[in-house]
Amino acid sequence: GDSVTQMEGPVTLSEEAFLTINCTYTATGYPSLFWYVQYPGEGLQLLLKATKADDKGSNKGFEATYRKETTSFHLEKGSVQVSDSAVYFCALSPTSYGKLTFGQGTILTVHP
Amino acid sequence: ETGVTQSPTHLIKTRGQQVTLRCSSQSGHNTVSWYQQALGQGPQFIFQYYREEENGRGNFPPRFSGLQFPNYSSELNVNALELDDSALYLCASSLEGQGASNEQFFGPGTRLTVL
Numbered sequence: 001g002d003s004v005t006q007m008e009g010p011v012t013l014s015e016e017a018f019l020t021i022n023c024t025y026t027a028t029g030y031p032s033l034f035w036y037v038q039y040p041g042e043g044l045q046l047l048l049k050a051t052k053a054d055d056k057g058s059n060k061g062f063e064a065t066y067r068k069e070t071t072s073f074h075l076e077k078g079s080v081q082v083s084d085s086a087v088y089f090c091a092l093s094p095t096s097y098g099k100l101t102f103g104q105g106t107i108l109t110v111h112p
Numbered sequence: 001e002t003g004v005t006q007s008p009t010h011l012i013k014t015r016g017q018q019v020t021l022r023c024s025s026q027s028g029h030n031t032v033s034w035y036q037q038a039l040g041q042g043p044q045f046i047f048q049y050y051r052e053e054e055n056g057r058g059n060f061p062p063r064f065s066g067l068q069f070p071n072y073s074s075e076l077n078v079n080a081l082e083l084d085d086s087a088l089y090l091c092a093s094s095l096e097g098q099g100a101s102n103e104q105f106f107g108p109g110t111r112l113t114v115l
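These protein sequence lines map, in sequence, to chains A and B. Quick note on our numbering: the first sequence kicks off at 1 and runs consecutively. Quick note on our numbering: the second sequence kicks off at 1 and runs consecutively.
Just chain A, with the same shape it has in the complex (with noise of 0.2 Å):
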């Protein structure tokens, strides 16, 4: 079945620091793919989506790229700010709706 791995966490960063979060799955066909943001005491929020290989998701300053090849879809930011302190999760949909996959979810913590 669908699957998602995420790297091990937790991450933890200086501010203005280079973000990277691996992700990685396992699907059938050409599945929708998304980041998921959950701050402390909230919900999931929709942080960035990607549904075709080659397609690149950013928001927030927040980017990930669609890689078929390598069936990835690593988040990246430039400059994190203390913030951006919560904990993110990659997820994958069969189609761009529909039941939601997730990792296991990265918990990142941003000192000033």
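Be aware that a few hints might be false.
[What the hints assert, rightly or not] Beta-carbon label-pair distances, calculated as ranges:
| no. | chain 1 | residue 1 | chain 2 | residue 2 | range |
| --- | --- | --- | --- | --- | --- |
| 1 | A | T20 | B | N59 | 27 to 33 Å |
| 2 | A | S3 | B | R63 | 24 to 30 Å |
| 3 | A | G78 | B | P61 | 44 to 50 Å |
| 4 | B | P61 | A | E16 | 45 to 51 Å |
| 5 | B | L67 | A | P10 | 36 to 42 Å |
| 6 | B | L39 | A | S14 | 24 to 30 Å |
Simulated from the structure, these hints should not be mistaken for laboratory data. Values in this document were obtained by computation on a predicted structure and should not be read as measured data. Just so it is clear, CB atoms sit at the ideal spot from N, CA and C, and this is done for glycine as well.
Following the hints, complete the assembly by docking chain B onto the known chain A.
Then chain B, alone, in the frame of chain A:
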């Protein structure tokens, strides 16, 4: 525009009891999905309701059941609670259909503790 709301926020039950969790979908949405998020894990898909019909189910036993009402709000029922049912239960609503964005909007969740 009102977002997705869930009630109650927290709940404590004992093993063997039954529980009902509630979700109000975002205005204009016709689909509700439920997820179980165990501590330190990613959410796991339980099932989805589209226009009051179950529209897909994850790997959960039949004691997990649901309803969707004509106003598209939804309930998740869990019978014969087990200790492993302790988790954060997330509801997500979306607008499904041709031309719709299909993005799932999540509520804050209900924290269920089974003792």
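Hint by hint, here is what the structure shows:
Restraint check, T20 (chain A) to N59 (chain B): a C-beta distance of roughly 31 Å satisfies the suggested window 27 to 33 Å. Here the CB-CB span from S3 (chain A) to R63 (chain B) is close to 25 Å, well matched to the stated 24 to 30 Å. A hinted range of 44 to 50 Å for the beta carbons of G78 (chain A) and P61 (chain B) is consistent with their spacing of about 46 Å. Roughly 48 Å separates the CB atoms of P61 (chain B) and E16 (chain A), a value that falls within the hinted 45 to 51 Å.
Between L67 (chain B) and P10 (chain A) the Cβ separation comes to about 38 Å, which falls inside the hinted range of 36 to 42 Å. A hinted range of 24 to 30 Å for the beta carbons of L39 (chain B) and S14 (chain A) is consistent with their spacing of about 28 Å.
When the structure is compared with the earlier hints, no violation turns up for any of them.
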